[in-house]
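Undergrad: Same order as they appear, the protein sequences are chains A and B.
My numbering puts the first residue of the first sequence at 108, with every later residue one more than the last.
My numbering puts the first residue of the second sequence at 11, with every later residue one more than the last.
In case anyone wonders, no lab produced these hints; they're calculated from the structure.
Small disclaimer: the values here were computed from a predicted structure and weren't measured.
Warning: the hint list may mix true and false statements.
As the list claims (entries may be wrong) - The calculated SDA-like cross-link candidates involving lysine to any residue, where the alpha carbons are at most 25 Å apart (straight line), are:
#: 1; chain 1: B; residue 1: K162; chain 2: A; residue 2: V215
#: 2; chain 1: A; residue 1: K203; chain 2: B; residue 2: K317
#: 3; chain 1: B; residue 1: K60; chain 2: B; residue 2: R37
#: 4; chain 1: B; residue 1: K317; chain 2: B; residue 2: I247
#: 5; chain 1: B; residue 1: K185; chain 2: A; residue 2: L288
#: 6; chain 1: B; residue 1: K162; chain 2: A; residue 2: F283
#: 7; chain 1: B; residue 1: K60; chain 2: B; residue 2: L122
#: 8; chain 1: B; residue 1: K185; chain 2: B; residue 2: P138
#: 9; chain 1: B; residue 1: K393; chain 2: B; residue 2: V279
#: 10; chain 1: B; residue 1: K126; chain 2: A; residue 2: R364
#: 11; chain 1: A; residue 1: K363; chain 2: B; residue 2: K199
#: 12; chain 1: B; residue 1: K198; chain 2: A; residue 2: Y156
#: 13; chain 1: B; residue 1: K162; chain 2: A; residue 2: I360
#: 14; chain 1: B; residue 1: K199; chain 2: B; residue 2: N365
#: 15; chain 1: B; residue 1: K162; chain 2: A; residue 2: P289
#: 16; chain 1: A; residue 1: K203; chain 2: B; residue 2: P138
#: 17; chain 1: A; residue 1: K363; chain 2: B; residue 2: D387
#: 18; chain 1: B; residue 1: K126; chain 2: A; residue 2: V215
#: 19; chain 1: A; residue 1: K203; chain 2: A; residue 2: V215
Residues per chain are reported as follows:
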Amino acid sequence: MRRGPGPFDLAALTLGFAFLYLPIVILVVFSFNASKLVTVWGGFSLRWYEAVLTNEQLLDAARVSLGVAFVTATAALVLGTMAGLVLVRIQHFPGKALFTGMVVAPLVMPEVITGLSLLLLFVSLDVPRGFWTVTIAHTTFATCYVAVVVQARLLTFDRSLEEAAMDLGAPPLRTFRLVTLPLIAPSLAGGWLLAFALSLDDLVIASFTTGPGATTLPMRIYGQARLGVTPEINAVCTMLVALVTIVVLVISILQKRRLARERIGPGPAGRNP
Amino acid sequence: MTTARPVREARPRIEPWQDPDAVPFVRIQGVTKTFGEVYAVDNVTLDIFKGEFFALLGPSGCGKSTLLRILAGLERPTSGRVLIDGQDMTDVPPWRRPVNMMFQSYALFPHLSVRKNIAFGLEQERLPRAEIAERVAEVVRLVHLEGLEDRKPDQLSGGQKQRVALARALVKRPKVLLLDEPLGALDKKLRDQTQLELVNIQDRLGLTFVIVTHDQEEAMTVGSRMAIMREGQIAQIGTPSEIYEYPASRFVAEFVGEVNLIEARFASVNGTTMRVRAPALGIEIVTDRPVPALPGEPLWVAVRPEKMSIAKTPPAETGYNCVEGEVFDIEYLGDVSVYHVRLDNGLFLRATEANKLRLIERPITWEDRVWLSWGPDASVVLKT
Ligand SMILES: Nc1ncnc2c1ncn2[C@@H]1O[C@H](COP(=O)(O)OP(=O)(O)OP(=O)(O)O)[C@@H](O)[C@H]1O
Ligand SMILES: [Mg+2]
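My request is simple: use the sequences and hints to build the entire structure.
TA: Encoded structure:
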């Protein structure tokens with residue numbers, strides 16, 4: 108039998124969460140500060156939000172970031188799904204182990220290295236740097252995350268569902284569209300959102316690969332913060348935090364729904380052993 | 011669903027396998043399937059006729075599912091050919107075969123309603139909507155699923171899911187319906203009931219069914235003929251009674267039903283009577299089905315326990331087809347009891363008797379001296 112949390116547990120929990128979230132809480136609170144001084148509370152106000160929404164530089168950066176994130180997430184979804192399918196569905200092909208390793212390696216690669224190597228590539232190919240180079244760079248690492256998410260889903264996928272569809276007269280592509288896709292859709296949505304959030308969040312790789320006219324929001328914030336933190340920055344960051352929170356919530360709700368369905372569903376009854 | 015136990019509808023005897031002119035509907039010719047080193051199916055040749063309910067029976071891992079999946083096109087044979095209705099199907103992909111399968115796990119599409127699940131196959135044929143609706147409604151009535159059409163599979167009981175799986179395959183009106191252990195997940199009572207319903211549906215629609223099972227009772231109940239498989243090969247093909255009464259090998263005799271196996275040596279043949287010696291029992295055994303054998307060749311005699319009579323007095327003629335022993339144990343199974351009789355040399359034989367009397371009223375009890383005897387028609391001589 109388990110008792111409720113004791114005083115020690117509560118203290119540990121509070122400290123842990125404080126460590127994680129106190130900085131963010133402070134940031135959020137001060138974004139509503141009427142005073143121009145970042146550390147002195149001068150009453151509640153939405154003036155900094157107003158300032159953000161009229162700050163063309165910030166809005167531009169936000170548009171770039173959202174655009175990059177959207178294209179990145181979509182491209183990564185397609186590529187990552189294909190990689191995940193190949194990894195799970197093709198039993199043996201030459202170089203499978205290498206391919207598997209190469210799909211996950213960028214997850215642990217230091218961002219500086221990824222960014223620098225992409226920069227070198229773009230320079231040596233003489234590609235004009237800007238929106239598309241950032242997008243390509245983001246797609247390369249976001250694809251890996253999507254591949255891992257899709258791969259995890261496909262590993263528990265009951266292949267006999269696809270066999271049943273083919274047996275009932277659906278050729279492989281129709282089977283994929285009518286059976287596989289609807290069933291892995293929640294994971295695909297999760298993968299898309301994850302890629303979107305990762306792209307939105309990235310500073311290092313974007314700094315390496317961007318060019319004039321394509322400053323992303325994190326770059327702009329970082330640049331302004333170096334000149335001194337203004338409450339305006341706090342407001343932008345609060346909006347970003349809200350956006351990311353929503354994305355994370357949606358991912359976890361999708362996952363929960365899938366788990367719930369699998370538990371009451373027919374169970375993992377693939378081929379006979 | 012009916013609550014009363016369905017009765018098996020009288021079925022006319024069709025025995026096309028007896029007819030030398032009958033053309034088999036499904037022909038499996040020299041089919042082999044290997045997975046790496048494993049021979050899952052090993053040079054199987056099998057003919058199945060139109061309208062048959064053919065059962066594939068065998069222990070786990072003997073290749074039943076693989077053979078069925080080869081028929082469905084889900085597995086490519088390593089060598090050999092498959093013909094259905096005269097057409098070579100070996101290279102035809104599953105979505106173009108006139109064959110449908112009911113999967114062991116049912117494999118219902120969890121994101122589609124019962125109605126959509128059943129309509130799935132017809133939609134692939136691009137039939138007009140009205141016809142699809144009509145055929146779905148028809149098959150829903152056939153398998154008693156009325157009122158459940160809009161449920162999702164996870165809102166169904168095991169028996170209902172199994173009906174949806176059956177309906178989904180039946181609605182396509184396949185030339186051959188394949189069933190892979192379709193009733194494995196059901197409890198005994200529901201299984202018995204569903205077996206009879208399956209037979210009735212098969213009869214009414216005149217379809218050809220091939221069912222895989224490892225339950226010999228099920229195979230004997232539903233099957234017009236059955237094939238016993240062992241390690242990828244066919245051990246015997248025949249009607250349930252042929253296989254039960256005249257097993258071709260010790261493996262089949264032991265796999266289908268209970269059996270006493272007695273080691274013996276060939277003695278003599280005289281017309282339709284064959285005599286063998288059973289040195290361990292010190293008796294001769296007489297059978298009315300001689301098999302060709304050499305003098306002294308090692309043989310086995312199979313006798314089904316229910317064909318052994320058990321009595322406290324010796325039979326009229328001793329010296330052959332009878333042995334004396336002591337009742338070692340009595341297994342009470344409700345409808346029958348199994349008597350385990352220990353012979354004087356330490357061997358055991360089993361005899362089954364119907365429990366016409368209650369336990370305490372029966373004359374034979376533990377440690378009684380008894381005689382076991384059987385007729386020449388009850389002993390089957392086996393060479394392997
Ligand atoms: N995809 C596969 N890869 C490798 N080996 C396989 C594969 N499918 C089947 N086998 C092997 O082939 C043999 C026959 O398998 P199969 O599934 O046909 O047996 P089964 O008779 O249906 O058994 P069960 O009654 O347990 O379902 C087994 O030894 C199995 O391990
Ligand atoms: Mg099987």
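Undergrad: Which hints from the list above does the structure break, by number from lowest to highest?
TA: 1, 2, 5, 7, 11, 12, 16, 17 and 18
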